[in-house]
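Number of protein chains: 4
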Amino acid sequence: MNDKKQDAQLLSEDWWHTKIIDMQPGVIRYSGYPIQDLIGRVSFAQMIWLMLRGELPSRAQSDLLDAALMSGVDHGPQAPSIAIARMAATCGVGLNNAMASAVNVLGDVHGGAGEQAVELYLAVAARIDAGKAEALAVKEALADYVHEHGKFVSGFGHRFHPVDPRAPRLLELVDAAAASGVVNGRFAQIARAVEAELAVGRSKPIPMNIDGATAVVYAELGFPAPLARGLFCLSRSVGILAHAWEQTQQGGRNKGPIPRQFIPTYDGVPPRSVPLQEGEN
Amino acid sequence: MNDKKQDAQLLSEDWWHTKIIDMQPGVIRYSGYPIQDLIGRVSFAQMIWLMLRGELPSRAQSDLLDAALMSGVDHGPQAPSIAIARMAATCGVGLNNAMASAVNVLGDVHGGAGEQAVELYLAVAARIDAGKAEALAVKEALADYVHEHGKFVSGFGHRFHPVDPRAPRLLELVDAAAASGVVNGRFAQIARAVEAELAVGRSKPIPMNIDGATAVVYAELGFPAPLARGLFCLSRSVGILAHAWEQTQQGGRNKGPIPRQFIPTYDGVPPRSVPLQEGEN
Amino acid sequence: MNDKKQDAQLLSEDWWHTKIIDMQPGVIRYSGYPIQDLIGRVSFAQMIWLMLRGELPSRAQSDLLDAALMSGVDHGPQAPSIAIARMAATCGVGLNNAMASAVNVLGDVHGGAGEQAVELYLAVAARIDAGKAEALAVKEALADYVHEHGKFVSGFGHRFHPVDPRAPRLLELVDAAAASGVVNGRFAQIARAVEAELAVGRSKPIPMNIDGATAVVYAELGFPAPLARGLFCLSRSVGILAHAWEQTQQGGRNKGPIPRQFIPTYDGVPPRSVPLQEGEN
Amino acid sequence: MNDKKQDAQLLSEDWWHTKIIDMQPGVIRYSGYPIQDLIGRVSFAQMIWLMLRGELPSRAQSDLLDAALMSGVDHGPQAPSIAIARMAATCGVGLNNAMASAVNVLGDVHGGAGEQAVELYLAVAARIDAGKAEALAVKEALADYVHEHGKFVSGFGHRFHPVDPRAPRLLELVDAAAASGVVNGRFAQIARAVEAELAVGRSKPIPMNIDGATAVVYAELGFPAPLARGLFCLSRSVGILAHAWEQTQQGGRNKGPIPRQFIPTYDGVPPRSVPLQEGEN
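Protein chains in written order, with my numbering: chain A, 119 to 399; chain B, 119 to 399; chain C, 119 to 399; chain D, 119 to 399.
Derived from the structure by calculation, the hints contain no laboratory data. Given the structure is predicted, the values throughout are model-derived calculations rather than measurements. A virtual CB, placed ideally from N, CA and C, is assigned to each residue, including glycine. It is possible that part of the hints are untrue.
[Stated by the list, open to error] Non-contacting residues of chain D with respect to chain C, defined by C-beta distances greater than 12 Å in every case (computed):
| # | residue |
| --- | --- |
| 1 | Ala231 |
| 2 | Pro280 |
| 3 | Asn302 |
| 4 | Leu316 |
[To be verified] Pairwise CB distance ranges (calculated):
| # | chain 1 | residue 1 | chain 2 | residue 2 | range |
| --- | --- | --- | --- | --- | --- |
| 5 | D | Pro388 | A | Glu266 | 54 to 64 Å |
| 6 | C | Gly268 | D | Arg310 | 50 to 60 Å |
| 7 | D | Arg310 | B | Glu266 | 30 to 40 Å |
| 8 | C | Thr366 | A | Val281 | 44 to 54 Å |
| 9 | B | Pro280 | A | Gly397 | 32 to 42 Å |
| 10 | D | Glu396 | B | Gln142 | 28 to 38 Å |
| 11 | C | Ala317 | A | Pro393 | 41 to 51 Å |
Start from the sequences and build out the full structure, keeping to the hints where you can.
Right under this line is the structure:
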């Protein structure tokens with residue numbers, strides 16, 4: 119390599135650097151592990167963990183991660199993300215584009231619930247670590263949460279399901295993992311304490327939903343809160359792809375949200391004439 | 119600048135280069151024109167032309183471009199792009215994100231009609247230039263088009279409007295520009311010949327629509343076909359922004375395509391039990 | 119229409135409604151104005167105003183809007199949005215997709231400066247309206263701003279330009295519009311007061327940049343703060359399209375950020391062996 | 119439910135329908151399987167299969183899918199998708215948005231190689247099924263491929279790796295699966311025959327790369343070609359997320375492709391004055 123290239127190399131190295139992947143011609147290593155030694159020995163979920171954490175998980179840890187990832191793949195075309203994927207598939211774009219338009223809307227409201235729930239659990243845990251009783255810690259953290267985010271507590275309650283069938287099953291898995299020492303179990307307990315507190319004074323409880331339950335898994339496994347959103351995006355990408363693909367096979371061109379013959383209501387200014395513009399007469 | 123930086127500069131210059139913009143500290147020029155001399159003297163439409171073509175248009179040319187851009191801004195929430203923008207706005211993402219998810223679906227089917235119509239007009243023109251009579255040139259180009267794209271000819275016919283009110287008005291402007299020598303007028307004539315040919319043997323004509331008409335404008339002004347799609351994206355971005363903003367003001371959280379109480383039909387496999395997995399017993 | 123369709127129509131009307139566009143077969147009206155009466159009489163910038171505000175602007179108002187829109191179209195491939203558009207164009211996606219990936223990143227940091235500057239000006243104005251002296255109002259609003267957003271005040275200072283050549287020219291136009299009564303001029307004054315306050319105690323001033331100047335225009339014209347971001351997205355979409363198109367013509371496949379021979383630095387864990395996985399021996 | 123709602127329900131059912139997911143309050147089933155019976159019993163890879171195919175795979179089948187998914191997660195920040203994710207993360211958008219801008223560019227050139235390789239293998243297989251000898255079938259299918267796509271054959275050769283370390287390892291897994299009857303093995307053979315044919319008359323072979331090898335896996339497992347792209351998008355989303363997250367932790371604001379002090383080359387029109395515009399004097 120001549121001097122010019124060497125210098126440019128040094129400068130580009132300053133600009134782009136990573137601990138994730140190491141590449142040389144013929145060599146690919148992730149966090150130091152050669153790819154050919156990983157293939158066939160670690161699962162997709164283990165690889166996801168390695169990429170995000172820099173270390174390989176135990177099989178028991180990755181089984182929990184696996185369960186959280188597989189349980190959030192889809193909640194049907196009523197969800198904006200899935201509807202977007204399906205509509206995009208009728209517009210003459212690729213599957214990658216349909217996936218992008220859909221994943222893009224997994225924002226604070228549609229994809230951020232898991233992240234917000236992890237933050238809530240961590241806030242409770244921090245108060246307990248500071249010496250407060252669990253009940254008080256929960257009350258205070260919830261009050262802070264509602265002050266910042268409003269009355270809907272992410273991870274609890276569902277507009278459609280009286281009880282979200284995914285949540286209790288995921289909690290069972292966390293309990294089993296805690297019983298065998300894979301995880302600590304403290305975030306499962308905190309989440310249940312939040313659920314109990316939310317039920318106080320109500321005729322109907324506000325049970326934990328999929329986001330509250332996957333947040334327990336992610337918190338137990340030590341993922342930072344923003345990655346709860348990231349992991350949900352990976353998980354929901356599966357449903358997004360599946361629905362885009364199903365729609366592709368169903369066909370359709372420029373499929374909109376409602377059948378073509380039903381037009382949206384116009385509730386604006388009645389018909390009027392364009393006033394004379396300057397220079398017209 | 120020391121040698122090392124100089125060399126890296128040279129290399130990065132090889133990698134990223136442009137005829138569009140020239141920047142030095144305190145200096146910004148587009149195709150050679152200093153920005154401070156353009157501001158207040160050329161319109162947004164003129165600037166769009168400059169950025170895409172490298173030269174400033176005459177006022178008469180930019181007036182035509184202006185008309186094509188302003189006439190395509192919106193066709194309501196029935197269009198997937200607009201529905202996507204509105205749904206995105208309820209998901210907790212920014213206006214830029216809502217715009218991105220929506221512009222993204224302006225693909226071959228939803229945003230490519232203008233591009234395809236320009237290609238068709240150019241194909242007719244090429245045949246005429248090769249010495250064929252207009253009627254034959256139109257017949258042959260249409261046959262090729264249908265062979266490649268199917269029976270729906272982009273730019274003609276509308277699922278909702280018997281006559282698209284935007285098309286005849288745009289053609290009037292092109293005719294006036296042709297009469298005063300601003301444009302040649304040949305693509306307006308070709309488009310009308312296509313329209314006439316499509317009507318042969320039908321009880322109802324298949325009149326030119328907005329895409330067919332803006333394609334006439336873009337072809338007359340000398341834009342290459344792919345930019346007809348690019349310009350449509352700029353134009354429709356306005357409606358996308360307006361609807362995302364209106365939806366933001368209307369509020370809503372995770373608004374889906376149909377009201378929540380109406381669930382999509384499931385027409386798949388009936389309920390069944392998960393079979394024993396390997397290792398289970 | 120039979121009863122079933124009528125009822126569904128009523129329900130879909132409840133779900134999708136808009137004041138922007140009114141459509142019937144053969145009829146399209148924006149805020150009540152028939153499209154065929156707008157075409158050829160109002161410019162793209164006037165149409166943008168109509169779509170976002172529901173009323174047509176005067177020519178003098180739209181001239182100011184035009185200037186703000188045309189002045190922000192591009193700042194070269196060093197900006198992430200433009201680099202993304204160019205790289206996308208080498209990946210085998212459409213211009214609409216390249217535009218989407220790029221517009222998408224005009225987030226709080228890359229596209230939100232205008233919005234934040236409008237908010238700052240409005241915060242100063244509110245304090246003045248509440249009876250405070252301008253100097254105090256500026257000091258207080260800036261202190262609040264820095265508390266919330268950090269020490270970089272959006273709209274002021276530039277990493278590349280000692281003086282951004284776009285800002286003083288835009289302010290001239292605002293001053294002229296204020297002199298002729300088109301706008302009030304108060305936000306130009308507030309912005310200059312902010313600029314003066316930021317210079318206090320510094321050897322070099324922190325002059326207003328393009329975002330600070332377009333924010334003055336948008337605030338003078340009465341646009342709410344979030345639309346400053348939306349309008350910037352429309353404006354920058356022009357540069358995004360132009361660069362994607364230029365890159366398309368330059369060619370290239372999978373063009374990355376730096377030349378292929380320069381690989382990013384790996385600064386992570388050294389090479390290591392994959393440990394025995396459970397079940398292996 | 120009253121008549122009006124019932125009718126609207128019927129109509130919305132006509133418009134949105136799916137075989138993927140069945141939802142009732144408290145009930146979620148995928149292809150008939152209740153979610154609570156799947157959680158903890160099937161892996162993420164098995165769930166991906168179920169969502170795309172409608173049936174659960176055997177463990178051996180999902181192990182192969184797992185290997186293909188985990189082997190394609192990342193090829194470093196030199197790839198446009200990863201660079202885009204990292205740059206996006208510095209622009210003030212969410213992880214979901216960074217992922218979307220990046221996944222979006224996995225188009226024909228950057229993400230379509232697996233799909234194109236599956237198509238090629240299927241074209242060879244179809245010719246063999248029609249009675250042609252393998253060697254001839256390969257020659258003909260390759261000739262057709264080059265005619266349509268150009269001289270670079272997707273799935274073979276690499277600009278950086280003399281031998282892609284992922285490909286031979288994946289083929290080993292396919293061979294093992296074929297030996298035990300999990301898959302047929304015909305596409306592994308076809309891919310090797312393609313590799314051999316490409317080497318004819320060259321001093322250096324053009325060895326199979328990751329896309330050629332995952333295409334073998336997907337073809338062996340019976341996935342249609344477009345899903346090879348979809349599955350790659352799921353796989354690469356992991357690297358995209360990991361790099362966006364790493365960049366978030368590294369910090370940076372509006373990080374562009376090259377260091378700020380190195381500006382792209384301007385190779386366009388030299389500085390010039392804006393000509394008098396109409397109405398100016």
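Structure-based check of all given hints:
no., hint, verdict
1, Ala231, "violated (10 Å)"
2, Pro280, "holds (14 Å)"
3, Asn302, "holds (26 Å)"
4, Leu316, "holds (18 Å)"
5, Pro388(D) x Glu266(A): 54 to 64 Å, "holds (55 Å)"
6, Gly268(C) x Arg310(D): 50 to 60 Å, "holds (58 Å)"
7, Arg310(D) x Glu266(B): 30 to 40 Å, "holds (36 Å)"
8, Thr366(C) x Val281(A): 44 to 54 Å, "holds (53 Å)"
9, Pro280(B) x Gly397(A): 32 to 42 Å, "holds (34 Å)"
10, Glu396(D) x Gln142(B): 28 to 38 Å, "holds (30 Å)"
11, Ala317(C) x Pro393(A): 41 to 51 Å, "holds (45 Å)"
When the structure is compared with the earlier hints, a violation turns up for hint 1 alone.
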